[in-house]
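A.B. asks: Sequence:
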Amino acid sequence: MIAATSVATLVLVAAIVLWRLEDAQTATAAAPVPTVPVTVEVLNGIGVDGLARAVTMRLREQGIDVVSYGNAGMDTLSVTEIVARREDTVPAARVRELLGVGNVRTDPDPRLLLDVSVVLGRDVVDSLFRP
Numbered sequence: 065m066i067a068a069t070s071v072a073t074l075v076l077v078a079a080i081v082l083w084r085l086e087d088a089q090t091a092t093a094a095a096p097v098p099t100v101p102v103t104v105e106v107l108n109g110i111g112v113d114g115l116a117r118a119v120t121m122r123l124r125e126q127g128i129d130v131v132s133y134g135n136a137g138m139d140t141l142s143v144t145e146i147v148a149r150r151e152d153t154v155p156a157a158r159v160r161e162l163l164g165v166g167n168v169r170t171d172p173d174p175r176l177l178l179d180v181s182v183v184l185g186r187d188v189v190d191s192l193f194r195p
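Each residue of the sequence shown is one higher than the one before, starting from 65 at the first, in the working numbering.
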């Protein structure tokens, strides 16, 4: 009787340990990877009404912190310009990946309180807003 109780206790303890180990592995696999916030301004470089706002909404859905949007004061830009405003170009590359278009360049400006400036070109309309 004592042996049977000991075996049952041992099996129960082993099951609990395995169950907790499995839960820990699942929690580790499901834990979101922390990301550094990317602050962006979006400027319309082609004069299409509402374009900067539409792209802003798409970027925000992807976790990008768009702090401002508006017009760039031009309306003929053919290729989107994604400008890294810090020495680190990783945020600009991330925005480029999300948009799927544009050229990344570096033009650091410590006066700007953002990581990336995006000036939208015609390639955004062709890429993002195709039917």
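Some hints could be false.
Stated by the list, open to error - Restraint ranges, calculated between C-beta atoms of paired labels, are given here:
1) L176 / M121: 29 to 35 Å
2) D113 / V154: 28 to 34 Å
3) S142 / G114: 26 to 32 Å
4) R175 / E125: 24 to 30 Å
Calculated from the structure, these hints are not laboratory results. From the three backbone atoms N, C-alpha and C, an ideal C-beta is built for every residue, glycine too.
A.B. asks: If a hint holds in the structure, say so; if it doesn't, say that too.
C.D. replies: Outcome of the hint check:
{"no.": "1", "hint": "L176 / M121: 29 to 35 Å", "in the structure": "violated, 22 Å"}
{"no.": "2", "hint": "D113 / V154: 28 to 34 Å", "in the structure": "holds, 32 Å"}
{"no.": "3", "hint": "S142 / G114: 26 to 32 Å", "in the structure": "violated, 19 Å"}
{"no.": "4", "hint": "R175 / E125: 24 to 30 Å", "in the structure": "holds, 29 Å"}
When the structure is compared with the earlier hints, violations turn up for hints 1 and 3 and for no others.
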